[in-house]
Amino acid sequence: MAEFDALKAKIPGEDTGIEIKHSICAICSPAPHCGLSCYVKDGKVIKVEGWKEHPDSNGGICTKGQSNKEFLYREDRILYPMRRIGERGEGKFERITWEEAYKEIAEKLNGVKAQYGADKVAFYSGYNKWYRSMLARFAHSFGTQSYGTEHSSCFASGLMAWQCATGMEMGMNLMAKLFIGWAANGYYSMYKLPMGIEKLKALTGMKYIVVDPRITPASARFADLHLRPRLGTDGALALTIANQLIQNGWIDKEYIDKYVHGFEEYAESVKEYTLEKGEELTGVPASQIWQAVEMIRDAQTMSISESSAPLAHHHNGMQNYRCIMSLLAITGNIGTAGGQNPSEGQFAERTTGYTTHEREFMFETYPENADKAVGADVHPLWYELRRDMQANDLAQNILNDDEKSIKALYAHGMNYRMFAEDGKVLEAFKKLDFFVDVDLFMTDSAKWADIVLPCCTSLERSEFKGYPGCHIMYTKPVVQPLGESKRDVDIIVELANVMGIDDPLLCSGYENCVKHIFRDLPVDLDMVMASDEVIKIEGEGVGVKSGQWYMENGWRTPTGKIELYSEIIGAHPEWGLDPLPSYTPPINPDPEKYPFMLCSGARLPNVLHSRLHGSPWQRSLLPDPTVEMNPADCEKLGIEMGDDVEIVTSIGSMKFKANPSHTIKEGQLFVYHGYPERDINSIIPYLEICDPYSGYPAYRSVYCTVRRVD
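Everything in the sequence shown is counted per our numbering, starting at 1 for the first residue and increasing by one.
In case anyone wonders, no lab produced these hints; they're calculated from the structure.
Computed cross-link-like contacts, DSS-like style, restricted to lysine-lysine with a CA-CA straight-line distance of at most 30 Å:
hint, residue 1, residue 2
1, 69, 8
2, 44, 476
3, 69, 52
4, 665, 201
5, 253, 177
6, 430, 92
7, 545, 207
8, 536, 47
9, 258, 177
10, 69, 192
11, 476, 52
12, 69, 41
13, 177, 277
14, 424, 372
15, 47, 192
16, 103, 430
17, 431, 92
18, 430, 447
19, 92, 113
20, 10, 21
21, 447, 108
22, 177, 201
23, 515, 476
Each pair of labels, with its calculated beta carbon distance range:
hint, residue 1, residue 2, range
24, 100, 200, 54 to 64 Å
25, 536, 87, 46 to 56 Å
26, 300, 14, 53 to 63 Å
27, 217, 575, 34 to 44 Å
Owing to the predicted nature of the structure, the values given are computational and were not obtained by experimental measurement.
Even glycine gets a Cβ: it sits at the ideal position worked out from N, Cα and C.
Full structure from sequences and hints, please.
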């Protein structure tokens with residue numbers, strides 16, 4: 001029998017020199033940020049597991065979390081500040097000191113401010129998200145409204161829909177008798193959700209409806225009903241269901257009379273959505289739509305999980321949300337037990353259960369008299385509700401080259417490939433007077449920057465992290481930062497000091513800023529910082545107002561009611577937007593030429609967007625850029641597994657490997673994005689088909705054609 005080797009087995013102890021240190025996974029940002037147990041030897045992480053005692057993740061991590069060691073030690077990590085010495089995009093840099101980097105950035109950004117005005121500098125955050133309140137305040141204290149994030153394409157559209165309806169974000173409720181997972185496949189994006197649903201179905205008999213064009217693990221595993229609408233027709237499906245509920249009197253009339261604004265106009269507008277029309281528009285059989293209606297009728301309570309991206313990435317994206325949310329309003333499931341309820345308690349973009357002063361911190365130095373943020377004139381509802389930059393409009397703003405154009409860009413985690421028609425973003429980079437990018441890796445976006453600064457992973461830094469149930473922790477580095485990399489927040493604070501930003505609180509440091517944000521909560525943050533545990537905040541002032549409170553005291557809307565007819569939109573007819581939830585079909589420039597519909601952004605369980613395509617073992621799980629197609633379509637076109645196929649849209653074409661799959665409906669193509677060598681977003685038009693409400697690109701309903709190539 002071979003002698004047992006504790007070191008090879010990676011068992012912690014004095015004899016092996018291995019110790020366990022705790023941290024969090026930040027690859028899926030901002031949630032769920034599962035707890036990690038990191039095995040460390042000689043100052044290096046050798047193994048990562050789930051942290052069993054973590055109160056939120058309870059020892060669970062997904063395949064992405066298991067990549068943290070490889071993510072930390074990737075060969076393309078940026079280790080030192082770098083200055084460009086070649087042409088933009090060429091990737092030629094020289095190493096410089098932090099002092100040199102800060103001095104040059106300060107001179108350039110302050111120079112643009114002096115020559116053109118502070119509002120001609122834009123600030124941007126991609127992933128991660130934990131530092132965003134600091135970056136927003138930095139931008140505002142500098143003097144510009146043009147601070148933007150990847151929320152320009154994720155999450156915010158749904159929040160805007162809820163703002164129009166209730167004035168705040170509303171969260172799903174797993175205690176509902178009927179739960180609808182609308183375009184939500186938690187197995188690929190948030191593994192805890194399906195685990196909870198599976199348990200509750202067994203314990204409470206909860207019914208579960210999945211609405212998703214694809215057959216997914218969630219639909220196959222425990223859906224009582226699976227509705228498969230055509231891409232981009234979710235709004236039509238919701239309005240059809242609503243009409244049947246109204247016509248049959250299966251709505252909560254007392255609730256509507258007391259708490260809902262605009263019902264009469266809404267009820268009139270949905271009359272055209274008969275079962276027959278619903279089937280024609282969505283492709284969902286009328287019998288299945290009727291089955292969903294009956295399940296809603298029979299449910300005492302209902303909650304809906306609306307995905308932050310798939311519903312929004314259409315020409316009618318925000319209206320999709322509003323159409324779906326209206327089902328909750330007319331059945332009395334907003335603000336009630338078992339229904340959708342306020343999800344206000346957040347910190348660092350993570351639901352926590354307690355209310356902080358974070359938004360106040362971000363906006364108390366907001367420059368009201370500066371030029372409006374980029375995109376305000378193109379997508380006015382976005383600006384009305386958010387007061388920041390719609391980053392999808394940034395490239396065109398720069399290319400316009402006029403008195404409103406941005407001259408300099410300071411970014412953390414810029415990824416040009418996330419934008420539709422992203423070739424324009426590269427053209428915009430060329431025109432900038434100055435561009436700074438802070439990142440972990442030397443990405444293709446960073447290669448266009450004038451100065452590149454190295455930041456840390458979650459395993460190398462300390463940060464405050466909140467969790468549901470009123471929890472908070474202060475993470476500690478499990479290893480020292482690689483090279484000269486720094487926390488994003490320290491880069492922001494140090495640069496603000498060098499630039500002479502007149503903001504004593506910001507310039508005093510991250511920890512002091514968080515203490516200011518938490519100042520009214522009964523928690524000693526010095527004690528939290530000294531602890532290695534996750535702390536529960538308890539006492540007076542903790543928690544958020546319930547839905548019942550808002551029902552009794554009024555919602556944060558102009559009428560104080562749940563608004564089916566949005567008075568915010570209705571007050572601005574010049575915007576050309578519909579105050580009522582309504583449906584418009586995806587735009588097809590040439591139906592004969594483009595008979596297929598493309599969905600870019602389909603999720604995989606092992607990657608998040610482009611974040612792990614640079615990790616070899618994760619890339620090995622699906623090494624080739626792939627398009628999934630229905631086998632019937634493949635047969636018609638003579639396409640077999642592994643064939644090279646070309647997808648053609650109105651602005652370009654691209655080749656992929658074909659993967660015939662019965663999980664895909666006929667006429668649809670699902671492309672997995674994030675592969676640097678196959679940039680699918682480069683052939684997706686933006687302004688012609690984007691959502692006029694939110695400015696979101698129509699990533700998931702682009703008409704195209706496909707053909708086999710040799």
